[in-house]
Structure formats: structure tokens, C-alpha cells
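We have chain A already, so just place chain B on it with the hints.
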Amino acid sequence: MTHGDTATATHGTAAPPLLTARDLVKAHGRTEALRGASLGLRAGEILAVTGASGSGKSTLLHCLAGIVRPDAGSVTYGGLRLEELPEKRLSELRRTDFGVVFQFGQLIPELTAVDNVALPLLLAGTTRAEARARAGEWLERFGVRGQEELRPGEMSGGQAQRAALARALVTGPKAVFADEPTGALDSLATEQVMTALAHTARESGTAVLLVTHDAQVAAYADREVRLRDGAVSPLEVTA
Amino acid sequence: MTTLTSDIRLARQLVHGSDRREWWRIALTAAGAAAATGFALAAVTLASVPSGYTVSHFHGLLTGAGTRGGVISGLLLLLVPVLAFLGQCTRIGAVHRDRRLAGLRLAGATPWQVRRIAALETGLACLLGSAVATVFSALSVLRLWSGPTAATWVGFALVAVGVPALGAVAGAVALRRVVASPLGRVRRTVRRSGRGPGLLFLSGLTVLVAVAPLAMNRGHVAGNRFDWHTPLTVFCLVVALGAGVVWLAGATARFTGRLLAERARTAAPLIAAERLRDDPWAPARTHAAVLLVTVAGTAFLCIRHALLTDLHAMAPDHRAADLAYYTTGLDLTGAAVLVALAITLSGLAVGTAESLATRRRTLAAQVAAGVPHTVLGRALLLETALPLAPALLLAGAGGMAIGTWYATLTSDGSLPWTALLVAPAVYASCLLAAATALPLLRRSVRPGELRYA
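Residue numbers (the working numbering), protein chains in the order written: chain A, 1 to 239; chain B, 1 to 453.
If you are wondering where the hints come from, they were derived from the structure by calculation, not from laboratory data. Incorrect hints may have been included.
Said to hold, decoys possible - Residues from chain A shown here face chain B by an in silico Cβ test under 8 angstroms; the list is partial: (1) ILE67; (2) SER91; (3) ARG94; (4) ILE108; (5) PRO109; (6) LEU111; (7) LEU119.
In this text the structure is predicted, and so the values were computed from the model without any measurement. By construction, the Cβ of each residue, glycine as well, lies at the ideal position given by its N, Cα and C atoms.
So here's chain A without its partners, still in its complex pose (with noise of 0.2 angstroms):
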């Protein structure tokens, strides 16, 4: 089943979307990531984002959790224009309404996996003492358990981007964006980690948007678009 070619394009009788793109263009230097590229993600489903290396997936993942601000376009979340947000509140919502995950690099290496899920909780005023307990319960959750009080230099691929998906969700996001999470695991690891994922997100209603040029990884996702040359092409629901 072939879709519109924008985000406000939905399929079926769906809710609307929790997240909106409209016409996105963003140039790094001389290179045009983005170039009037437009998405929905809508409450509670998962949607991959894939597309060749260099087609502007991560670019586009950055701009709809504002991380980067697009050159041109807009992106609206419950009625806020991110691009015309400052900083401090952007870095608030993705505390609070957002969750992310990258390839590596999102754990802090010299904080046990514990300290590292307790982080968001901690920095949004929660005691140390229950910030710990809440994020051993996702540990335990994600299949971490035992390894609580290890650093992420000691734990395997899999466990590291694990703990690191419980570290987006603590604290009980509305939408997860997730940059390869995958990328740097085998396909054993890749398995447990996407499980881990896709039920959570359905458990807890999570939005989770999904960058990735993996065939496997893509196949969790409810729908998949694709990035060509910075343009969203055609949606194509694959579940």
C-alpha cells in the first residue's frame, strides 16, 4: 500500500500524527541533507527511517528531535514550532518528551550502566537513591540485570545499547529516535536489542522513529519511509 508523499499523510483512520515535518532543508556546509523533506510519527507506532548512506536519515532523526535546527521547513510537537524554540527549552523537551539513542557514544563511559539510566531521572530532580531504583527496574527490564554496577567499557555491544534504550525511556518519553542503534552489533545482539525495543515501545505506547540502512532492523517497524537525496519518497507500510 502506497502513501501520500508527506508526513501529514497517515494511513487508514490513524491518529494523528504525535510529531510533524513539513518541507525540511538543512545544508552542512556546501551539502544539502535535507531538501524538502516532510513526516508524521504518529502516537505509539514505530517508524523506520531508511534510506542509502548520505540520503540525509540522520539529519532528518536530528532535526525532528531538536537536536540541529533546519535551515528551512518546520517541525511541530503538541502544537510547539521546534525551530523557534530555544535551546533551553529544546534540551528540556528531550529530557522530558523525548527519548534518544545513537549507535554508541550516549552512555557516559566513566558512569556505571545504573548511574547512566539514572541520569535523565536525575537531572530532572529525582532523588539519587530512587533514581537508582527505577533504573535498575529497567535494566532488569531490558534483560540487563546483573550487570548493573558495570561501566560500558565492560559490558558487550548488546548490553551497552541496551542499557542505553533504558536510558531513553526512563523516563517514560513520548517518542524514542533511535540513529542506528543497531550499527554496531551483530545480528544476535541486533535481535535482542530490537525486541527489547519494539515491545517496550508497544508496552508503554512510545513513539519510536528508526533510522537504519539494516533490512533486519527495519522489519520492527510498523511503517517505512524512505529517504532519497534528502526527500522523503513515497511511505510504504510494511506491517
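Frame of chain A, contents of chain B only:
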């Protein structure tokens, strides 16, 4: 020769195609080399002054062989913080450079080629700084001294060549692991235990305890004859003291990290404490230089006070001009302590900035995940503030102990209250030096960094 030329060309291309950090490294390395050359040339010039020659500057302080020797020793001691600063500068962008040179190895470069390119990168920067300092020093010597000797120019030549050579060797040695592994260092798996400085401290102390009494006895017996015990004692003292303060700096960082990691209630102290606990030895050398300067500064103020009290007591009617010989010496020593502090603070600022640059991808990921810049900035400052607080307290106490001991030997035992201010002043200066990296945090730790692996 052709190979060397092609290596120079490649080194130039690599630096030219690199980011701003490389230019910072080159500029700061050149500045460090210029300072090292300047101090060494000043020492060489003074050492080459013939005996009996009257130096009109500094109220005759440089005329006597004994006091001149003291000034030369002071200049050579100033080389310690300068060389530490130089070492800090050569490490700027080390992770980036490690990867680049590991890439060369993967592309088929031999270990020797990589070592030579690394040596050229650092050596040429040192040569630039050294050349500038040599030209200025030579012009100054010609202006101030009518008859520099052949020994002066030989010393100049040796220093001008020696400093860049030392820089080149240091650059090559720093990359020994990359040379060993074309894959480079992805992450550090072996943690430093701090046993090295501890053992060095104990060894130095043991030899010192064994040799010092001999040197003191020989001092009475041997008169003016050359006695190897004294230089050995001084060498052991410097080694033991240096290793001791490195060990003290690392140990206090580890202790503070352990203590606070368990008790931290908010994010910034937690991040800072865990970083200290994870690698307390990373900033130990820079902090050790800060501690040495604090000990020296505190003790100097006490000793200065005691000496002046003593002088005024012995000759109450003397005019200021009569005491100029002594006060000039004291002022020069004070200036040397201040120069050492300035160099050490520069090293601390460079080290903090380098630590940021190395971690900027991880920090960018934190910012992307919503960790505010203010929290990361506070954590960065706490990494300096937490371990230095107890260490400086100890260093200040050590300096006061030395000063008190000297004061009780030579004068009425009174101490200047200003000596108590040295440790807090150094602490505040260190925080300011670390804070100079905060604008870099805001500028360089951008989510845009996430585009690069």
C-alpha cells in the same frame, strides 16, 4: 633524503588538512618550546660568564659565583613546569592524531615512517618556537653583554638544536602504541594503578635517606672539592618530591572520587566524581605541578619574611639601597614562583580544553539527549575543584611547615599571614584556568559532532 622530503610533505599535508585543534597544538607547542629555550638560554648565558666578571644588573646578584649558581638552578628548575606544559601541548588532539597515524599504518606505512612523521609534526613546531626564542635571546645578549664567550654561543647552538630534538623524540615516544598497533587505541582497557609514582617516591626517599647524611658529613670535610653526594642528594630530593606530589595528587583525586561518587545527589557531582574514580591519574601530573608551586609559594613567603626580619634586626639603620642585593634575590625568586604558577595554570587550562576536545562526541551525545550544558560545565569545573581542595590544603600545610621550620632557625619565628592566602589564591586561579575551557564546551560540544564517528 627524498624519503625525508616526502615525509615532511605528508606531515605538512596532514596538518594542513586537519582541524583547528592541530593549529592550536602547533601554536602552543611552539610557545612551550620558545619558553623552554628562553629559560635554558638564560641559564647557559649565566653559566658561561667568566669568573671575576662583574655583572652590573640586579644589584650585583649575578656577579658572585655562588648566587649566580643559585639563579642558574632556579632557571633550570623553571624548565620543569615548562616541559610539563610542553608535554601537555603535544598531547592536544592526541586521539585524533592516533587515529590518523593508525590509518597511515593500515595504508601500509612502516612503524619507522609513522614514527618519523609524528616526530616531524612535533619537532617542526618546537623548531619554530626554539628559533624565535634563540634569535630574541641572541639579540638580548648582544645588547646587554659586550663580550659573550665562545662557550655562550656553543651553549646557544646546543639548546637551539636540543629543544626541538627533545620535542621530536617526545612526539615519537607518545605514539608508541599506535606504532605497535595499526588499529590504534580504541579504548583504554588497562587502568593506571598509580604504583609508578608511588614506587618512584619511595625509591627516591630511600636513596635520599641513605645519601643525605653522607652529603652533610662530606660538606664539612671536603670543603670546596667537588663532591658527588650533594648533586645526588638534590637529584633524589627532586625525584622524590616530584613523584611524591604526583602520587599525592592522584591519591587525593581517587579518594575524593570514591567518597563523593557514593554520596552525590545531583548529576554534575556524580559525573565529576565518577570520572575521578575511573581515572584519578589523568590530571595528576598537572595537579602535581600546582601543588609544588603552592608548597614553594607558601614556603617562599615565610622564608622571605624571616630573611627580611633577620636582615632588619642585624642592621636596623641600613637604607633600602644597602639591602637591595638581598631583596633583589628575593624578588627574583618570587618572580620565578609566579612564572612557574603562570606556566602551570596554562598547562591546566590546556589540559582541561584537551580533555573536552577528546570527549566531545560523548558530550555531544549527552547534549543531544537533553543533558544541559550547565550540568556538563559544572561537572568539568568540579573535576578540577574536588581533588584540588584537599590536595592544596595539604600542600599549603607543607609549605607552612617548611616556612615555620626556617623561621624558627633564623629569626623570631613569626610568620606572615599572607602565606596562608597562597593555597586559596592558587585554588581560585586553578578554577579560573579550568573555566577558560567552558566557552569551548558550548562551542565545540554541538550535536553536529554526532555526524562524525
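Check each numbered hint from earlier against the structure, then list the numbers of those it violates in ascending order.
The structure conflicts with no hint, since it agrees with every one listed earlier.
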